[in-house]
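Colleague: First to last, the sequence lines map onto chains L and C.
Count along the first sequence starting at 1, add 2, and that's the number in the working numbering.
Count along the second sequence starting at 1, add 3, and that's the number in the working numbering.
These are computed hints drawn from the structure, not numbers from a lab.
Hints are not guaranteed to be accurate.
Derived CB-CB ranges, DEER-like [to be verified]:
#: 1; chain 1: L; residue 1: Pro619; chain 2: C; residue 2: Asn80; range: 52 to 62 Å
#: 2; chain 1: L; residue 1: Lys635; chain 2: C; residue 2: Arg122; range: 57 to 67 Å
#: 3; chain 1: L; residue 1: Glu32; chain 2: C; residue 2: Lys165; range: 30 to 40 Å
#: 4; chain 1: L; residue 1: Met388; chain 2: C; residue 2: Lys115; range: 28 to 38 Å
#: 5; chain 1: L; residue 1: Lys467; chain 2: C; residue 2: Lys165; range: 39 to 49 Å
#: 6; chain 1: L; residue 1: Lys635; chain 2: C; residue 2: Glu27; range: 30 to 40 Å
#: 7; chain 1: C; residue 1: Asp125; chain 2: L; residue 2: Asp324; range: 26 to 36 Å
#: 8; chain 1: L; residue 1: Pro621; chain 2: C; residue 2: Glu27; range: 36 to 46 Å
#: 9; chain 1: C; residue 1: Pro249; chain 2: L; residue 2: Asp140; range: 34 to 44 Å
#: 10; chain 1: C; residue 1: Arg111; chain 2: L; residue 2: Glu32; range: 13 to 23 Å
#: 11; chain 1: C; residue 1: Thr188; chain 2: L; residue 2: Glu633; range: 41 to 51 Å
Ideal Cβ placement from N, Cα and C applies to all residues, glycine included.
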Amino acid sequence: MSGSAPWASGTTSDFSKLPKRGFFTVTNYETFEYDVLIIGAGGAGLRAAIEASTAGVKVGLVCKSLLGKAHTVMAEGGLAAALANVDDRDNWRVHFSDTMRGGQYVNNWRMAELHAKEAPDRVKELEAWGAVFDRTPDGKILQRNFGGHRYPRLVHVGDRTGLELIRTLQDHGIHQGITVHMEHTMVTLLKDGDRVTGAFGYDRERGRFKIFKAKAVVLATGGIGRAYQITTNSWEGTGDGQSLAYHAGAELADMEFVQFHPTGMIWPPSVMGLLVTEAVRGEGGVLRNKDGKRFMFDDIPDLYKNQTADNPEEGWRYCQGDRNARRPPELLTRDHVARCIRREVNAGRGSPHGGVFLDIAWIREKIPNATEHIKRKLPSMYHQFMQLADLDITQEPMEIGPTTHYTMGGVRVNGDTQMSTVPGLFAAGECAAGLHGANRLGGNSLSDLIVFGKRAGEFAAKFAKEHGAGQVNDAQIEQAARHALEPFDRGASTGGSAEGPYQVQHDLQEMMQSLVGIVRREDEMVRALDGLGKLRERARHVAVYGHREYNPGWNTAVDLKNLLTVSEAITRAAIERKESRGGHFREDFPNKDAASGKVNVIVGKNPDGSMQVRREPIPEMPAELKQVIEEMK
Amino acid sequence: MSTATFRIWRGDVNGGKFVDYTTEITEGMVVLDAVHKIQATQANDLACRWNCKAGKCGSCSAEINGIPKLMCMTRMNTLPTDKPITLEPMRAFPSIRDLATDVSWNFRVKQKIKKFKPRPPDAPDGTWRMQQEDVDRVQEFRKCIECFLCQDVCHVLRDHHKHDEFIGPRFLVYTAALEMHPLDTEDRLPELKQAHGVGFCNITKCCTKVCPESITITDNAIIPLKERVVDNFFDPLGWLWKELRPKT
Chain L
3 MSGSAPWASG TTSDFSKLPK RGFFTVTNYE TFEYDVLIIG AGGAGLRAAI EASTAGVKVG
63 LVCKSLLGKA HTVMAEGGLA AALANVDDRD NWRVHFSDTM RGGQYVNNWR MAELHAKEAP
123 DRVKELEAWG AVFDRTPDGK ILQRNFGGHR YPRLVHVGDR TGLELIRTLQ DHGIHQGITV
183 HMEHTMVTLL KDGDRVTGAF GYDRERGRFK IFKAKAVVLA TGGIGRAYQI TTNSWEGTGD
243 GQSLAYHAGA ELADMEFVQF HPTGMIWPPS VMGLLVTEAV RGEGGVLRNK DGKRFMFDDI
303 PDLYKNQTAD NPEEGWRYCQ GDRNARRPPE LLTRDHVARC IRREVNAGRG SPHGGVFLDI
363 AWIREKIPNA TEHIKRKLPS MYHQFMQLAD LDITQEPMEI GPTTHYTMGG VRVNGDTQMS
423 TVPGLFAAGE CAAGLHGANR LGGNSLSDLI VFGKRAGEFA AKFAKEHGAG QVNDAQIEQA
483 ARHALEPFDR GASTGGSAEG PYQVQHDLQE MMQSLVGIVR REDEMVRALD GLGKLRERAR
543 HVAVYGHREY NPGWNTAVDL KNLLTVSEAI TRAAIERKES RGGHFREDFP NKDAASGKVN
603 VIVGKNPDGS MQVRREPIPE MPAELKQVIE EMK
Chain C
4 MSTATFRIWR GDVNGGKFVD YTTEITEGMV VLDAVHKIQA TQANDLACRW NCKAGKCGSC
64 SAEINGIPKL MCMTRMNTLP TDKPITLEPM RAFPSIRDLA TDVSWNFRVK QKIKKFKPRP
124 PDAPDGTWRM QQEDVDRVQE FRKCIECFLC QDVCHVLRDH HKHDEFIGPR FLVYTAALEM
184 HPLDTEDRLP ELKQAHGVGF CNITKCCTKV CPESITITDN AIIPLKERVV DNFFDPLGWL
244 WKELRPKT
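This is chain L alone, in the form it adopts within the complex (with noise of 0.2 Å):
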């Protein structure tokens, strides 16, 4: 299992290689060896792994749950491509104008050229897979309308693309002869000098620490969302990537940037945060206050007055795809209509559980079938609702409230290798900063998993063929061993009396989403700080009880390091932003700032382990792309 021999095709059967119980000794840990080793099996994940596997060099991939269950599960509405099935007009150009607009110009352009360029390509690699997407009358990938895409852009099935997708790259992965370790969680990237060697991490199962050595990591570990209480992720949005990343020296960009998706349920309490695709609204969902008012009219911003409806009759014709009319309000970025909410909400216009009403079943006036349209087009949303909260989306208006979702900072990387700025070392999809810029549009996501994570693959292939093995540092691994386990020390010590990792979570959980949420000042991030300080002090002394085998205490404690890191990033470079761009809204700068608009900030570790912020200018776009986003203004 820990031999070197070059991997080929087809040969390894990997699920019947799960490695054998044993007893290992604190200095005698399991020891796997990779040409490149991938953290994290989601989208981008499992699309790096094959593509490694596919140039031929050896493949481990660890994930933090079951394979196929990671948070791509999730993604509801489509995966954005200008296939231009649906409207012949569309085409890389605005498909990577839209990208820019909707990420407020501080993208990189380069990433949004290449997933602009890409995604056609990659998403009919999935449909050779065996991907199975909804046609169109003439048989092709049918294409929906979303939030800030131009024209009809997002393959889809239904609303469960995001399981069409993982499914898809998994039942071809596992033939790829890459070896998955499940329900491992890595607590450090291991290095030689400056490069990266491996990691290091316990499988949670039986608690035992394994040492993974690789020529090349790829960081795909997807969000940060568990740092706030209201969010759509999975306990695993911890921020493992981008805190295994900083503290392993690399630089992370753009970690003021997160999103709040407008559209999240806010009713019963235990379903709060759950998302609610924007496919509601491309369908032709409307948004309205208390009043029955649809209030999205009332503000539209001046980037998109020229696209966008200014009466709701042209609104419908658009989601029944008339090819001249502009879309709805309701379809505005991500960012500007969870503000449109937040403002309605403030006003005292609400719902009664403090959001507002998404209707969809309000297209009865429009067509026949209105209910089996609704169930066929939207069948996860249908079940949702009726499950969770007793309400017939066919027949009523459902309450909504923004939600944390995503975020568009991570680990800086190169646009067209996805190399982190420490030699090795790449990271792909949630995890990396710079394709969505300050927002990301819906529908850029699936895609950017598929676009980046195969050159994610590529390019790490491509590095662990030119480089040798490193070495890995015995000390390292003994100090970060020892780290891991002291919580069983205190729980040990204590005999029940120190705090539990559950109630810190929490405490950090509310105070990022009170002090750092969707509306930021200056005053107030200061505070967190603060907050963040007294966190990490209790975090030092968590405890943890029981045994080592498939223990959430022990789980939840060890993450909590990674999101104080990210936690700390996003408030310092929230700080360090001093106007209001995309998912960043200052009440203390409510407006955009040019010269804000000309870098991106940079978070980084100083060598006394502080925290560095600046700002990096970003560099200058070329002409031709430069002429891209005039010609499509």
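Take the given structure of chain L and dock chain C to it, following the hints.
Modeller: Below, chain C without anything else, positioned relative to chain L:
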């Protein structure tokens, strides 16, 4: 504020026992909420799997009052609270700890099924043409979230332990999705008859009943597969035709 008592199985592969926990119940709560509350306040080390909390990932499978269900989609107001609610792991799989079971057998089984093999593309740009009505039935099977509740309830696996001879409802659905995929050209019928044991299923439809995605497993996937196997291997006229038809 009402309360409910949960009788949760605590233990591992060596055995275990039921432990009672009483917790508050608020409006709209699902069983998984209660488990999280117990985990956070009374039993930090209570093991259970979960991810999406929206019925989309299929992680939180368990047996609630003896019935295989997703904990995240089981509302508390559907359960009587005048007596303890029992929570057990899926019993058809080996225990890891508490509510988490070793489901790795399922991953090994899937890998043995021949992968998707498409016909050559229909168009010069490498794409295919398929009508929506031709993909509808495959899309039903592809809704599967791999919660393995159907495997848990299937008596061939649960009671008769035929794990080496029968792939179970989940992977019959998976095979059906491949076999009925309009583009697929692979032949999986010989294995289906032999190693994958489609004949073991005697159509009790327990799997269909517990499927949280409401996939009509037995009628739409298993029975058509059984028919294909019969047509291919046991139909005398079909056999004669295959033997006598001009070979190309």
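Colleague: So, for every hint listed, does it hold in this structure?
Modeller: Evaluation of the provided hints:
1. Pro619/L x Asn80/C: 52 to 62 Å: holds, 57 Å
2. Lys635/L x Arg122/C: 57 to 67 Å: Distance hint for Lys635/L, Arg122/C is violated at roughly 44 Å.
3. Glu32/L x Lys165/C: 30 to 40 Å: Holds - the Cβ-Cβ distance for Glu32/L and Lys165/C, about 33 Å, lies within 30 to 40 Å.
4. Met388/L x Lys115/C: 28 to 38 Å: holds, 37 Å
5. Lys467/L x Lys165/C: 39 to 49 Å: Once the Cβ atoms are compared, 45 Å apart, the range 39 to 49 Å for Lys165/C and Lys467/L holds.
6. Lys635/L x Glu27/C: 30 to 40 Å: violated, 56 Å
7. Asp125/C x Asp324/L: 26 to 36 Å: Once the Cβ atoms are compared, 30 Å apart, the range 26 to 36 Å for Asp324/L and Asp125/C holds.
8. Pro621/L x Glu27/C: 36 to 46 Å: Cβ of Pro621/L to Cβ of Glu27/C: about 55 Å, so the range 36 to 46 Å is violated.
9. Pro249/C x Asp140/L: 34 to 44 Å: Given a distance of about 36 Å, which is inside 34 to 44 Å, the answer is holds.
10. Arg111/C x Glu32/L: 13 to 23 Å: Hint holds: Cβ distance 20 Å, inside 13 to 23 Å.
11. Thr188/C x Glu633/L: 41 to 51 Å: holds, 44 Å
The structure shown violates the earlier hints numbered 2, 6 and 8.
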